[in-house]
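Produce the entire structure from the sequences given, and follow the hints as far as they go.
Take a look at the letters that make up each chain.
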Amino acid sequence: MPELTLDRITKHFKNKIAVDNVSLCLKEGIYGFLGANGAGKTTLLRMICGVLKPTAGEIRYDGAEIGRLDGDYRCMLGYLPQDFGYYPDFSARRYLEYLAACKAIPRELARDKVQEMLRLTGLEADQRAKIKTFSGGMIRRLGIAQALLNDPEILILDEPTSGLDPKERIRFRNIISSLSKGRIIILSTHIVSDVEFIADKILLMKQGRIESQGAVGEITRDIEGRVWEYLADQEEALRMNDIFAVSNLKNEGEKVRLRIVSDACPREGAVPVHPGLEDVYLYHFEEVSEHVDNLERRAL
Amino acid sequence: MTSHIPKDDEWRFPLDERRKVQSLAVIRREALKKRIRHYPAFPEHIWNQLRFRPLDQWLTQGGVLIAAMLLALWLRRENTGSLNSVTACSVFLVFAGNICLNHAARLFSWHMAELEQTLYLNLKQLICIRMLEAGIADLIILALFLGITGHNNTMGIGVTLLYMLVPFLWSDTLYLHMLVHIRSTSYGFRSFALGLLCGILALFPVLWAPAYEPENLIIWQILAFAGLSVLIAEIYSILTKIERGDHICLN
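Chains as they are written, first to last, in the numbering used here: chain A, 1 to 300; chain B, 1 to 251.
No lab work stands behind these hints: they were computed from the structure.
One or more hints might be untrue.
Partner residues are not named here, just some residues of chain B that face chain A (Cβ under 10 angstroms, in silico) [what the hints assert, rightly or not]:
no.: 1; residue: Y39
no.: 2; residue: F42
no.: 3; residue: E44
no.: 4; residue: Q49
no.: 5; residue: F52
no.: 6; residue: P54
no.: 7; residue: R76
no.: 8; residue: E78
no.: 9; residue: H111
no.: 10; residue: E114
no.: 11; residue: Q117
no.: 12; residue: N122
no.: 13; residue: Q125
no.: 14; residue: L223
By construction, the Cβ of each residue, glycine as well, lies at the ideal position given by its N, Cα and C atoms.
As structure tokens, this is what we get:
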């Protein structure tokens, strides 16, 4: 069973702290890193992949520092970067064959593996087409295919579903779910639905730190009693939308049903409801307290 | 008393076939879980990089070589003097070198560097292999050009090498620096323009007549030493940046 340990990982870029003293122990399963842009997710993933060197701390795989494992560690790694690189003059097949060669996959096995991945990602029919003719979604699928080529024990996907349509996104989720056995899968995203249904553990990152972590049920339990629903008229709904962190707004005839994330009851008549992962995200990244402060200041 | 010597079969314990099948099944299951890792040999790495070199680079390289050889042979037939052949070959060597280097610097284009750094053969190893390939190709081309210009050459091999290598060294260093540091998504046109620009630099001695005077040989020697030092520093700088990682992620 693979085990990846992050021991007090810190990364500085000149004066900016991108990742601040993060310690984690990742075992088999799917881990969803959620956070706003600039939260430090990509930097942390790049350090796990060995692209960036931590300023302080150590990353270990099964007890051995990843720098010492060198090629043996990278053999177990599948990575889809946020800015996925490809040679536009290569065909999809040639591109995957090139990466298979760089991943030290034997040539005779690589041929089958490339076909398997093209089939899995639905690119089989376009395997001879040059990548420069591909749509954004196809390029993303190619990225997923290359990450899976070497049957990795650690799969790291940074914003894997950006550019995918809803059908492709569901297909991607199903692929990832089916691969989770015996692997560590790390998904970084700011799209909550990407991880809500498949992640075994959610890690919320904010300003380089892990703000909160746990299974979806545990993490939503933390904000139990802080999510409200309120039926307001159109004008009031607009005003409340400015003041509170509103996770959903739905027209119901003349009225508007608001889903509000707030420490205190936002308005008389508001009813507490069961929180979802989007509410948790909003709670941590929309600065609810600020809204409550505003609320108090404006003395509604 | 007669002693009974057991036959081979009698030494064996009776096998429990059912348990044997069960044990073998367990071993088979465990063996399937094991990863058999392939560690390619160095020549395999070299071949793998060569076979993914784009066709247009092979064709351009071939075109430059043929053009250089034809021009040198024509100059020889015209009896224009060995210096003219050396000068022409030095310019072609620069272009041939830049084409070889293009394949190495391609690793930094199209946002590929970050991904390549996470592969078994990481970016540092890939760049070393491709630089080695470029170096070997340059040596072969240089040997070819030396062979072509050798006829009636009164300058001697050392001076000929110097006249050919100095423009090559400086142009290569500048081209490498530009390709790595001014990398972007517009790979083709920009690198072609840069290659051309660096090649034109090699024409400088051709345009400055006293450059090939024997008293200026010391300048060539100083330039050769300085060029080699700058090239080594440039390669070291690239490898250090790859090691730190920060600059790779900014492509």
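Outcome of the hint check:
1. For Y39/B, the interface hint holds, the least distance from its beta-carbon to any beta-carbon of chain A being 7 angstroms, beneath 10 angstroms.
2. Given hint, F42/B at the interface with chain A, is violated; its Cβ is 12 angstroms from that chain's nearest Cβ, farther than 10 angstroms.
3. Annotation: E44/B was flagged as interfacial toward chain A, and the flag holds, the nearest CB pair being 9 angstroms apart, inside 10 angstroms.
4. For Q49/B, the interface hint holds, since its Cβ comes within 10 angstroms of a Cβ in chain A; the closest pair sits about 8 angstroms apart.
5. Interface hint at F52/B: satisfied, since its Cβ lies 5 angstroms from the closest Cβ of chain A, which is below the 10 angstroms cut-off.
6. With its C-beta approaching chain A no nearer than about 6 angstroms, P54/B sits inside the 10 angstroms limit, and its interface hint holds.
7. Hint status for R76/B relative to chain A: violated, with the closest Cβ pair at about 38 angstroms, above 10 angstroms.
8. Checking E78/B against chain A by beta carbon gives a least distance of about 40 angstroms; that is not within 10 angstroms, so the hint is violated.
9. At about 4 angstroms, the closest approach between the beta carbon of H111/B and any beta carbon in chain A falls short of 10 angstroms, and the interface hint on this residue holds.
10. Contact between E114/B and chain A, as hinted, is supported at the beta carbon level, the nearest pair being about 5 angstroms apart and thus within 10 angstroms.
11. For Q117/B, the shortest C-beta to C-beta distance to chain A is roughly 5 angstroms, which falls under 10 angstroms, so the interface hint holds.
12. Interface restraint check: N122/B against chain A, minimum CB-CB distance 6 angstroms, threshold 10 angstroms, status holds.
13. The criterion of a C-beta within 10 angstroms of any C-beta in chain A is met by Q125/B, whose closest approach is roughly 8 angstroms, and the hint holds.
14. A hinted interface residue such as L223/B counts as satisfied when its beta carbon comes closer than 10 angstroms to some beta carbon of chain A; here the least separation is about 36 angstroms, so the hint is violated.
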